[in-house]
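Undergrad: Spelled out, the chains give:
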Amino acid sequence: MMRTLIGIVLGLAILGFVTGIAAIMLIFLHQDWADALLWVFGFVMIFAGLLVVTMRDIIRCGLAMIVCFGALAGIYVILGAPLIAAAQVIVYIGAISVLILFAIMLTQTKDAPSRLVFQSQAIPAAIASVIIAVVVALAIAATDWHEATERVRVATDALSTVLFNQYVLPFEIVSVMLLAAVIGGVFLAKREPGGPS
Amino acid sequence: MSNSLDAYLILAGILFAIGSFGFLARRNAISMLMSIELMLNGVNLSIVAFGQFGTAATTAAQGNVMALMVMAVAAAEATVGLAIVIAIYRNRKTPLVDEYDAMRQ
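Residue numbers (numbering that gives the first Met the number 0), protein chains in the order written: chain A, 0 to 196; chain B, 0 to 104.
A few of these clues could be false.
Covered stretches of chain A, as calculated for chain B (at least 3 residues, CB under 8 Å) [stated by the list, open to error]:
id, region
1, 4 to 17
2, 61 to 73
3, 77 to 87
4, 135 to 144
5, 155 to 165
It should be emphasised that the hints constitute simulated quantities derived from the structure, not laboratory data. Fair warning: this is a prediction, and the values are worked out from it, not measured in the lab. Using N, Cα and C, we set each Cβ at its ideal position, and we do this for glycine too.
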């Protein structure tokens, strides 16, 4: 009961923080909706990503991964790629997350040690990943990309024209590779009749 | 903010760093696979962002096509990786990677 209350209060606090950021951006800094939504989705995505790699209960890690991918789909919409956002929702939230949740249910034992989720190299790994993030951010800020000043919005018909004219062969190769991966996955996960159950 | 390439690229870089931390630090094999998915998503975001801010006419559509291909490859990778994890779990009865030490002895 207490933990449920704490969870509800924490969720409401995060929600208020996120909407507060958006309201401040919209009202006081006079920026448009896309900026505010980008802040909100970016914050939710990074927060959920941190939850994925730090939480103790692995089922909750999987659910936080769904939240992270949903926020990333929102970022794709802001970026002007609606078909990628739809594919993100269908492929990642619909297929891969469900696959991972099923694999979690198949591989967790009751006596699995739930207190030690990190290896002994966790602190060097944290330092290394912070260094990666800082170096990447510095490199991005220091580089002149010669980019356009306005982001383009991709219409789905233009995308499909490019996909099915220029990129038919990669499309077919990817579909054959998916078939091979499905067959390989079934073969690998199949229970041998004489093997250990 | 939403019209600058740097914001999206920094988001992608942070997501990639989070994924690399999870891959190096977690003990559970499925957690490591989830971290790989986070890293793939970060790279995918950077691909789409580069495409949307390109100056040529068809760059955006080409970036989207490449992101779709990456998604398909990520789906294949998740399928095979989870099947391998389940097959190993059936033999060793544990999902923790630091107990997979058969080749160390």
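Undergrad: For the region 155 to 165 of chain A, does the count of residues with a C-beta closer than 8 Å to a C-beta of chain B reach 3?
TA: holds (count 6)
Undergrad: Are at least 3 residues of the region 135 to 144 of chain A within less than 8 Å of chain B when you compare beta carbons?
TA: holds (count 5)
Undergrad: Under 8 Å between beta-carbons, do enough residues of the region 4 to 17 of chain A, three at least, approach chain B for the coverage claim to hold?
TA: violated (count 0)
Undergrad: Go check the region 77 to 87 of chain A versus chain B for me, would you? Three or more residues, Cβ under 8 Å, otherwise it fails.
TA: holds (count 8)
Undergrad: Three residues or more, CB to CB closer than 8 Å: is that satisfied between the region 61 to 73 of chain A and chain B?
TA: holds (count 5)
The structure fails to meet hint 1 from the earlier list, while all remaining hints are met.
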